[in-house]
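Student: Produce the complete structure using the sequences and hints provided.
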Amino acid sequence: MLEVDDSNFEAKILKADKPALVDFWAPWCGPCKAIGPVVKELEETYGDKMVFAKCNVDQSPNTPTKYSIRAIPTLILFKNGEVFDQVVGAVPKAHIEQLVKKAL
Amino acid sequence: MPEDILDVAIIGCGPAGLQAAIHACGKKAQVAVFGRPEKSSLYKAHVANFCCYEKVVPGQALLDAGRIQAESLGADFVTEDIVETKFDNERFVLSTEAGKIFTSRSLIMAMGAARKKLRVKGEKELVGRGVSYCVDCDATFFRGMDVAVVGNESAAVSGALTLLGFAKKVFLVCRELNISKRLREQLNRSDVQVISDRWVKEIIGSDKVEGLLLTENQSLDVQGVFVELGAKGAMELAANLGVMFDAETFSFIETNKKQETNLPGLYAAGDITGQPWQMAKAVGEGCVAGINAAEYAKKLSELEDK
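Residue numbers (numbering that gives the first Met the number 0), protein chains in the order written: chain A, 0 to 103; chain B, 0 to 305.
Simulated from the structure, these hints should not be mistaken for lab results. Any given hint could be a false lead.
[Claimed, not checked] Within a straight-line C-alpha distance of at most 35 Å, the following computed DSBU-like cross-link-like pairs (lysine-lysine) qualify: (1) K11/A <-> K123/B; (2) K256/B <-> K32/A; (3) K92/A <-> K256/B; (4) K123/B <-> K180/B.
[Stated by the list, open to error] Partner residues aside, some chain A positions facing chain B, computed with beta carbon under 10 Å: (5) A15; (6) C28; (7) C31; (8) K32; (9) G46; (10) D57; (11) P63; (12) T64; (13) S67; (14) I68; (15) G80; (16) V82; (17) G88; (18) V90.
Beta carbons are placed, not taken as given, at the ideal position from N, Cα and C, and that holds for glycine.
Tutor: What follows is the structure, given as structure tokens:
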């Protein structure tokens, strides 16, 4: 999965030619570990139509602040450089899949 | 304890944990059970549908009897919550609320399905915008801010102490605290401001948390609210180890017929694996988990001796 940070967020996500789902996570966060494999599975299914990326909030302080992230895991779906939708917390795969389908 | 390393550690002393202990002891395993019986959902229940008990039986009596039975077979009981689990060097490492460390060859998670939501106005709307259910995950986002932790047990108190390292001011909104003596002493010595005569009525804020409305119309200006009811549950203790959750709700630990999770040596039993919330299901799963965890530990220890 693509890893993004403060320096390449704009190029890789905001200027992407496809919708992009970003998983904001940190190594100390248990629920992030639970949701990680789920996002990976979705990438296997929808990876050709959408960008899947993860952003470690510990290494990229600016991007989470810009999007007012106060809890992780947070998944934000970007479309045309704008926030299309987002979901907070470890949620079932079907819930994220719905989000993905809505953006396609 | 005769040996430093446990064969089977069991988190949770409800029916699933007790039955697991009884069967693991039957396999001659070194067993310890962690948790507080009064937190089991059976504690206040009256059981009328458990096979072979014709009359209604109070849950507390069943839990008392189960503990005596497990103890007489050799199980040790540690009446403290587990606040951290790790997997290190082929061992499960558990830390209790009072800071004791235990290591074990296998682990059974049987701490039930705790209620995690406050169910007040503003809570659902402001999740991720100042409302959090995980101090360990989200403390870093509240540096220099004022925050409140809500809850009466070990998760809330240890969470409030953790937040002192990040936030400017930390309030603990609680009723009667149900924690170990050592944790209470740590709290008393700390800068956490304890509010024990009010409860949360509403979380205030339009697009982010701006404060709390407490009972008797007291308001509290905070930018963050950590809801930490009960002890640490499946998501906090299991997710960290890399346990798989059920696909449908993502709230319960996924197990197979042997009560194995996706991680070798880690088993789950009872409400934590999903519905139905029945004692009969819990003891059934506990029995299977206890036997299999003890056998796993035995094999592991034989390999170690070679």
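Student: Does each hint hold? Answer for all of them.
Tutor: Comparing the hints with the structure gives:
1. K11/A <-> K123/B: holds, 32 Å
2. K256/B <-> K32/A: Holds: K256/B and K32/A sit about 24 Å apart, inside 35 Å.
3. K92/A <-> K256/B: holds, 23 Å
4. K123/B <-> K180/B: holds, 34 Å
5. A15: violated, 23 Å
6. C28: This hint holds: C28/A lies near chain B, its Cβ roughly 4 Å from the closest one there, short of 10 Å.
7. C31: Cβ of C31/A sits 7 Å from chain B, so the hint holds.
8. K32: holds, 5 Å
9. G46: violated, 20 Å
10. D57: Given a least distance of 8 Å, the restraint on D57/A holds.
11. P63: holds, 7 Å
12. T64: holds, 9 Å
13. S67: holds, 7 Å
14. I68: holds, 7 Å
15. G80: violated, 21 Å
16. V82: Violated. Min distance 13 Å.
17. G88: Holds, about 7 Å.
18. V90: holds, 6 Å
Of the numbered hints given earlier, the model fails hints 5, 9, 15 and 16; all others are met.
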